[in-house]
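S.K.: Letter by letter, the chains look like this.
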Amino acid sequence: MSAVERAHVIVDPRDNVTTVLDQDTGPHRLHGGMELAPGVPFGHKVALRAIARGEPVIKYGVAIGHATCDIAAGEHVHVHNCA
Amino acid sequence: MADLPSHFSGFRRSDGRVGVRNYLVVLSTVALVNRWAELIAAAVPDARIVAGEFMRGLRDPDAARQERACEALATHPNVGACLVLCHDAASARHWREYLASCGRPHAVLALMEQDGMEAAVRAGQHRLARLDEARRAVARQSCPLGTLMLGLECGGSDPTSALVANPAIGLVVDAVIDAGGSAIVSETVEFVGAEDPVRARCGSPPLAERLLAAIAAAEQRMEEDGERYRGVNPTAENIEAGLTTLVEKSMGAVAKTGSHPFIGLLEFGEKPMTPGLYLMDTPFFSPCSITGMVAAGAQLTLFGLGVFNPSGNPLAPTVKVCGNPITAARWRDAIDVDLSEVLTERLGLDQAAQRLRDFLLDTAAGRESSAERWREGQFIVPKTLTPL
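Protein chains in written order, with the numbering used here: chain A, 1 to 83; chain B, 1001 to 1388.
Derived by calculation from the structure, the hints in this document are not laboratory data.
Incorrect hints may have been included.
Unchecked claim - Covered stretches of chain A, as calculated for chain B (at least 3 residues, CB under 8 angstroms): (1) 37-46; (2) 54-68; (3) 76-83.
The beta carbon of each residue, even a glycine, is placed where N, CA and C say it ideally should be.
Looking at chain A on its own, in the form it has when it is part of the complex (with noise of 0.2 angstroms):
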């Protein structure tokens, strides 16, 4: 199956999360570019650049969280790797 674009909001331009905006139907490239991990839904975060264990999660420009283990670019960010 070819990959179809997911819509998807980086809130602000300093974030290194970006969150998708569409249901997953199966495709996993983000709109305008990297691949994703697929089944991630509406609402919630993906890492756009490799996150080490210990950075900040960064979205709206701020820190929301930090990496609670290594979280590669494309990965979903949630309670399993960020707090």
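Once you've looked at the hints, dock chain B against the given chain A.
M.R.: Chain B only, in chain A's frame:
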């Protein structure tokens, strides 16, 4: 975002402020004369009534707050002319003194100085007709964008508020402050959880302490009512929706303030002294917090919503901004700026903000907002003590 045009067409007032409207206002200073105000205002179709549950028997600080708010509303920059209604003669004397130097057509009447209800309504309507003529002597002229003061509000919040409406509002706020203007955000309790980002955006450590103390006091009041906010937030439902931390949840609301530093903390209805971004310490109910920001001089309110919320204010156009495609479709006749294409058509946030900015400038120059068309809005001044 592309640069904003540097001017818009507004009404210059003698106190240096600028109105985006030239409303004919009937102001009821005490709830006893609210009905009188309605009967008088009925004579002029576009007259605005400024009335609330303004009462006697308040104790300070409530009495002083109500009085300050009333006075500030009577002289709001969007007021072109004002008929002030009092119950007793002493109050009318006070108001005549207060308005003597306001620089705009005005009149003050006391109900107790009238002879029966019918004559009282006739007298009021006669004055109002003269004020209506007098206010037409002023015309719009070019005013710098930096004369705008925006009230910032969100209600009916959902995930699209945090991702579309509020961040788009934040970009427009940045542009208005860049141009030398001001913005006020309120509803202190919404800032619980965003203490670190707020501290980082305070111009000075003493200001940061004042803002954080106000946020802590709001959280304390919430806990007194048995609500533990920190620790249970984000809730299981929030987490399912994609919110990972309390900071992230709170930033959804704080995003509408943009990225400029906070330069002050305001009491309810307090006028800012210098341009920039302020937090006003108010309760969270939007008609109440909007009353406070309008009393401070905000000429327009930007209101981000997810599900529909009818809040507005009779003295300051409220621009309703929505990023939820379902809400935007159902409430087409009551939402001003539909930004749901960010979700459905991959419209960029910058382009969304430009659409909002264009609508804001049109509204400032006279385009009617939905809340104005529906005549939405209330005036609510908070009370902290049981009245006598």
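S.K.: Hints first: check each against the structure and report whether it holds.
M.R.: For each hint, the structure was consulted:
1. Proximity of the segment 37-46 of chain A to chain B, defined as three or more residues with a beta carbon under 8 angstroms from a beta carbon of that chain, is established by the 5 residues found.
2. Look at the segment 54-68 of chain A against chain B: 8 of its residues bring a Cβ nearer than 8 angstroms to a Cβ of that chain, three or more, so the hint holds.
3. Chain B is given as covering the segment 76-83 of chain A, and this holds because 5 residues of the stretch bring a CB closer than 8 angstroms to a CB of that chain, at least three being needed.
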